[in-house]
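Asks: Sequence:
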Amino acid sequence: MYDFLKEDDADFPVLERFKPYLVTTPPEDSFSQYLLVSMSEAAREDARKNLEREGCLEAKRTEAQFASCNPVLSSKHKLFMFDIGNVVVNNISMLGKISGLLGIEKEALIADYRHYVFPLMEGLVSEAQYWQHITHVFGVSVLGNPFAEAFKPVFNEPIVTLIGALRAKGHRVVCASNTIQSHWNVLEEMGALALFDKAYASHEMGLSKPSSQFYTSILASEGVVAEQAFFIDDRMDNIESSRSLGIASFLYADLPSGKKDERLYKIFRAYLSHP
799 MYDFLKEDDA DFPVLERFKP YLVTTPPEDS FSQYLLVSMS EAAREDARKN
849 LEREGCLEAK RTEAQFASCN PVLSSKHKLF MFDIGNVVVN NISMLGKISG
899 LLGIEKEALI ADYRHYVFPL MEGLVSEAQY WQHITHVFGV SVLGNPFAEA
949 FKPVFNEPIV TLIGALRAKG HRVVCASNTI QSHWNVLEEM GALALFDKAY
999 ASHEMGLSKP SSQFYTSILA SEGVVAEQAF FIDDRMDNIE SSRSLGIASF
1049 LYADLPSGKK DERLYKIFRA YLSHP
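Counting in my numbering, the sequence shown runs from 799 upward without gaps.
In short, the hints are calculated from the structure, not lab data.
For glycine and all other residues, C-beta sits at the position ideal for the given N, C-alpha and C.
Mixed in with the good hints there might be a few duds.
Across the chosen pairs, the derived CB separations fall in these ranges [what the hints assert, rightly or not]:
hint	residue 1	residue 2	range
1	1015	963	21 to 29 Å
2	909	1035	16 to 24 Å
3	917	962	19 to 27 Å
4	953	1069	18 to 26 Å
5	843	1056	28 to 36 Å
6	935	1023	30 to 38 Å
7	1066	843	36 to 44 Å
Computed list of lysine-lysine pairs in DSSO-like fashion (alpha-carbon distance at most 27 Å, straight line) [unchecked claim]:
hint	residue 1	residue 2
8	876	895
9	967	1057
10	1058	874
11	1057	950
12	876	1064
13	967	874
14	950	1058
15	874	950
16	950	904
17	967	895
18	876	1058
Using the sequences plus the hints, can you model the full thing?
Replies: In structure tokens:
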């Protein structure tokens, strides 16, 4: 649960078994989680005061800081899981385009879509059924499948390069995506799914992020435990969920601590340079 260990005691035997998972000399990164190990009450009290002054003990802010910090990558990680939308591919926004195609006010369409997004992504509601619903609610005629017509993703080259480098080193790399069938078809046609050893899609699994079952199902299928997996996603709620299971997770977003690709490069640079 911590990124770095900060200690002022030469010997603290109770932590010995955790030492391989902690870095004792942390870099200057305000978004990292530090574990202070000290026999000094004065040191512990000073740490508590700093936390209170920073406001870090507020639950929501603590969760946000925890999800934003850079995870530590090590040789124990055997499985690398990538979200697709806004990670492997960009230009995935579609509701604005669809509202224009159908002549429906954008905010009204978004408000309606929110009620159906998870049933769609979990395959409980088909895309055809959703368009029948749209016709009924908004009184518009829907031709074809606007989900497919409005979805025009493009590759995000830094992530594509990273995936290729990981697989070239013999690592197992899979995608873990919330998606729908028409988008999955587009991704397959453009070659996005071929980047991975295996592709996991919510609409095929009947499970979606941030549900913990989404992750545990993939881990079980891959034959690894949470501590052996490394996950990259652009949504905070998905990262918070995966981290709660013990999966090292990277929030792929620009943060005060650095741009997303710069932060990711720092994590993987040394890891991929090893033979």
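Asks: Can you name, in rising order, the numbers of the hints this structure does not satisfy?
Replies: 3, 6, 8, 15 and 17
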